[in-house]
Amino acid sequence: MEIDDIKKLMELMEEKGVIELEIKSASSEVRLVRAHHQAVAAPPPVGITVASTIPALLPPHEGNPPPQSSDPALDPALARGVAIPSPMVGTFYRTPTPDAKPYVDVGSVVEIGDVVCIVEAMKMMNEIQSEVRGRVLKIMMDNGKAVEYGQPLFLLEPLE
Amino acid sequence: MEIDDIKKLMELMEEKGVIELEIKSASSEVRLVRAHHQAVAAPPPVGITVASTIPALLPPHEGNPPPQSSDPALDPALARGVAIPSPMVGTFYRTPTPDAKPYVDVGSVVEIGDVVCIVEAMKMMNEIQSEVRGRVLKIMMDNGKAVEYGQPLFLLEPLE
Amino acid sequence: MLKKVLIANRGEIAVRIMRACRALQIPTVAVYSTADREALHVRLADERVCIGPPNVRESYLNIPSIVSAALSFGADAVHPGYGFLSENGDFAEACQRSGLTFIGPRVRNIRLMGDKPRARRVMEKAGVPVLPGTSAGTTDVREAQAVAAQIGFPILLKAAAGGGGRGLRVARSPEELAAVFGVAEEEGAAAFGNGAIYVEKYLEHPRHIEFQIVADQHRNVLHLGERECSVQRRYQKILEESPSPILTKRQREKMGAVAVKAAEAIGYTNVGTIEFLLDQQGHFYFIEMNTRVQVEHAITEMVTGIDIVQAGILAAAGEPLPWRQRDITFSGHAIECRIVAEDPRTMLPSPGTIRGYHAPGGLGIRVDSGVAENSVIPVYYDSLVSKVVAYGKTREEAIQRMRVALSEYQIAGIKTNIPLHLQILQDAEFLTGNIHTRYLDKFLTRPIARPAASAAERLVVNA
Amino acid sequence: MLKKVLIANRGEIAVRIMRACRALQIPTVAVYSTADREALHVRLADERVCIGPPNVRESYLNIPSIVSAALSFGADAVHPGYGFLSENGDFAEACQRSGLTFIGPRVRNIRLMGDKPRARRVMEKAGVPVLPGTSAGTTDVREAQAVAAQIGFPILLKAAAGGGGRGLRVARSPEELAAVFGVAEEEGAAAFGNGAIYVEKYLEHPRHIEFQIVADQHRNVLHLGERECSVQRRYQKILEESPSPILTKRQREKMGAVAVKAAEAIGYTNVGTIEFLLDQQGHFYFIEMNTRVQVEHAITEMVTGIDIVQAGILAAAGEPLPWRQRDITFSGHAIECRIVAEDPRTMLPSPGTIRGYHAPGGLGIRVDSGVAENSVIPVYYDSLVSKVVAYGKTREEAIQRMRVALSEYQIAGIKTNIPLHLQILQDAEFLTGNIHTRYLDKFLTRPIARPAASAAERLVVNA
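Top to bottom, those sequences are chains F, U, B and W. Number 169 marks the last residue of the first sequence (my numbering); no jumps. Number 169 marks the last residue of the second sequence (my numbering); no jumps. Number 1627 marks the last residue of the third sequence (my numbering); no jumps. Number 1627 marks the last residue of the fourth sequence (my numbering); no jumps.
One chain only, chain F, in its complex shape (with noise of 0.2 Å):
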């Protein structure tokens, strides 16, 4: 069986509202189970939601704009990243003050414990610290910009 055999039964799956499959023949298996309803009033994927805004008297489902960070999944470089969330709400800052550099780059390797951001959350600033050792290969926030909990704000790749 070829990938795009596979292909066409996902999409099979998908157009025919299955959602299990196994095909077992002498020379392959196959199993594929979907994931149901998410298509339908797709909530705000994980990590990667902004709050939106829909102009009042139009209906929401009539579509919410897509999430403003592009998707990792797409970039086979950044597919090998690990992101840093976002620990609480408020406003992301790449740097210690206005005027100052930003704390890190793209490229800029990042230590355990290294300060990569602040969120400023009830006029409190708070300094994100690193829990993984790595390279920066994306800042997914523009300074200034409100940040939700759990919001990814840097994709890293990681080191050893």
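By construction, these hints were calculated from the structure, which means they are not laboratory data. Bear in mind the structure is a predicted one, so any value in this text is a computation, not a measurement. You may find that some hints are simply not true.
[Stated by the list, open to error] EDC-like mimics (lysine to aspartate or glutamate), calculated; alpha carbons at most 16 Å apart, straight line:
{"#": "1", "chain 1": "W", "residue 1": "Lys-1425", "chain 2": "W", "residue 2": "Glu-1439"}
{"#": "2", "chain 1": "U", "residue 1": "Lys-16", "chain 2": "F", "residue 2": "Glu-31"}
{"#": "3", "chain 1": "F", "residue 1": "Lys-25", "chain 2": "U", "residue 2": "Glu-20"}
{"#": "4", "chain 1": "F", "residue 1": "Lys-17", "chain 2": "U", "residue 2": "Glu-11"}
{"#": "5", "chain 1": "U", "residue 1": "Lys-16", "chain 2": "F", "residue 2": "Asp-13"}
{"#": "6", "chain 1": "F", "residue 1": "Lys-17", "chain 2": "U", "residue 2": "Glu-20"}
{"#": "7", "chain 1": "U", "residue 1": "Lys-154", "chain 2": "U", "residue 2": "Glu-129"}
{"#": "8", "chain 1": "F", "residue 1": "Lys-25", "chain 2": "U", "residue 2": "Asp-13"}
{"#": "9", "chain 1": "F", "residue 1": "Lys-154", "chain 2": "F", "residue 2": "Glu-129"}
{"#": "10", "chain 1": "B", "residue 1": "Lys-1606", "chain 2": "B", "residue 2": "Asp-1591"}
{"#": "11", "chain 1": "U", "residue 1": "Lys-17", "chain 2": "F", "residue 2": "Glu-24"}
{"#": "12", "chain 1": "U", "residue 1": "Lys-16", "chain 2": "F", "residue 2": "Glu-29"}
[Stated by the list, open to error] From the structure, some residues in chain F lie toward chain W, with a derived Cβ separation under 8 Å:
{"#": "13", "residue": "Gly-99"}
{"#": "14", "residue": "Thr-100"}
{"#": "15", "residue": "Val-124"}
{"#": "16", "residue": "Val-125"}
{"#": "17", "residue": "Ala-130"}
{"#": "18", "residue": "Met-131"}
{"#": "19", "residue": "Asp-151"}
{"#": "20", "residue": "Ala-155"}
{"#": "21", "residue": "Tyr-158"}
{"#": "22", "residue": "Gly-159"}
In this text, a Cβ means the ideal position worked out from N, Cα and C, and glycines have one as well.
Please build the complex by placing chains U, B and W on the supplied structure of chain F, with the hints as guidance.
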């Protein structure tokens, strides 16, 4: 088994309201499971639906009574059968007059065009003719009972 | 009292009738075609009977099948709802001959009001104002000119066999009449097999105002006030409200009294609706009577507190009305938006399976729906999905609540006309109540394509 | 006017507040825990912010996270709903310190009413009748005996640190008091770390009658009539109605005036509820004031036509109330059934995913729901699924409509208390209005298992 066969199976499942399917043969095995939101508030399945009474003040989701007819799929002998469905809504009679003998019994051989029963609709006695030649495996309805459009009345084993 | 009611309909009105029956503790039997196996009305009934294949002629319009279903499944009464067989005298007669109570008016009421020219003559004789014009079709242009000269231009030419807004032409002068008469005649002959033409006074920007009638079998007839149904698209109502934003209390009483007189003149029983056109000078003219429950009955229920469907069932069972006209009081304002499955851009029907369904709720919001999650809007039937009714103390409050409700209504899998409703609810002319039967045309600037016309026809059953 | 409101709640009340904000054209920000990503309130808001993990302490009770969300996402006001932080003075204070409008009363109103003994003393001083008894806890049985002798038996012993109906004992004689006082003291010390006991007059079969208060920041205070909330299970309301089936117009005016006096005595602003116990002789006693919108506010909205949530938002924005007491009129009867996810047999919570959802609709039915198809009832929060409100001209009509609505309500995937409601709605005593706070006990004959008690505790947040 080819992709096209599987597609056909999926379509049949959807059409016939089948939510799980397993086929095992010497050369291959296939298993398919469809998402079953339709299991909830189960619609009357094709052909074996009967009017059922729910107490007026009980929420319908508390349980539709199961269809009265036995499921041919459960009896391998019946699985070969072909149903004669009622072509109209009315009352089912196995005999031409109350005292007469039934048109057919289990084991009777029926020719194409043979009258197998009467369905009374609006005081009209409608003779129902078989469109297949076969041996009666099962009588699906009791004499004098109300039948719907499409409701299986007899199960026949087709004969060449 | 009735023992078991078979509901000879589908969709929201079947569900609505079930609710009324449940409140009266009468069990119900749903009927359905094979296309409606999983429909909400089938799930909610006490019993259910498949009556035929999807094609309406073989199922929902199949008189023998429906009557047989009622008899075989032990119903002693049949409720026709609206559309389908609800105004079919043969069906009502077949029910009665089979010993079934037909929940509706007498057979002769249905037949009389189904024959528009005869209805017009009867109303004229009873002193109910009708639009000046011919009460029989003509193929003679000279006769048409004579009538036009008498009633004054502009006049409307109507194909005698037309309906649902088709086969209409306006003439503003004798010359124009001479020019279009032949065309209208030929069109009528081609489209409807009948070239006869009615000549009628043409009203500029009239309002469609209708009165709800309730009558028992004991000569009690009363009205439940008016509904303003001027927001129409090609003679199909889209949004209705009660009370009318312009009717005064005195006008309401006057028109209501005429509506009652019209119903009394024909010995009407059960619920029904007298439709009037109201011109800009305040003159009103009878157009027709609908001898069944109306799609938009819900708004009248909101402002009067009276359950109209229950009232019809009780009247059919022979119960006397528990009210006199003076007991009927009106409070607040109600608006109904008909939510139909259609592409808001092309206005073509949008059948399909409903996903991600969330109906609005909260203060002042009533939803009468025939669907739930995974419900199918089949291609075979009209495209009404649900009716949203907003009630408020004032028209402004009702409009505000309707906006909130429609903006939170979630229906994926099909397209709906919710965007059109939201557009109307923000339109300055609508907000001031400045509406008439051609009001909606301004939202519909696109040329009317042929498929769109047939979409409108499909809606006719639901009028 | 407010520019953007952050709703610091979830479920039906979050959706309810969004509707009020939309009507006032104020954008909303929803907050949610990671367990609520797909929740209806998240889908319906204009913006949404994840504030923490499922545990309430780290999300819906997390003051810094919620205030920070409001500030970072540009809200200028916060609505707390009911439960969670709605009666937390620290939260209201944190909002105000951060320059956010707290949509609720003043911080000092919240703190005062949260301190029950102090609230009692203030009310007593203001001339509001309170239950005779001690206004401070005691550990001295002789003091308890003296108080009991003065107010008369039976008396109620209440653990000073108890709540939600826990730590209560009845004594019907001095001997019984002597016997149970020590036990109660020990239990209180063991369960709540505080052995102090209040002694209070014990009422046999009292009714729970509460008055809805609306107050602005300009010293206008008025009441919107009463709610009868006597159908309770272990001090948790299950079914409420307005008006009370037994209150006369005169009693309503008298109790309403006292409720207004109580609110005025503490300089109350915004919406709130004064709860009374009413004994069989018609005496009534203040029990507590809830300084927030109540779950059961909807029934008052139905009979007065006033949007209480909007009124609270406008009052918080500094707007004066648009009504005087004489403008408040009552019409019809409304009943609310709280639909909770629980096994009707064991009364244990029944979390899960909702499938095959169909909410009732039609004439007189209002549904306030936090769920739709595929919604999850998480294990972490209270089990309220929705509120069904039935409105009718009379109590009988409302009951009839509620029965129809609940009998068609379809929720699969979880179990609900709908069967219990249907049982109540057919009970002869309920139908005659003969109810009191122990009325529901007769339906609950099973021994109370430990897990059931903790289920009740989980409901406390929703009181």
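- Any hints from earlier that this structure breaks? Give me their numbers in increasing order, please. The structure breaks hints 15, 16, 19; every other hint is satisfied.
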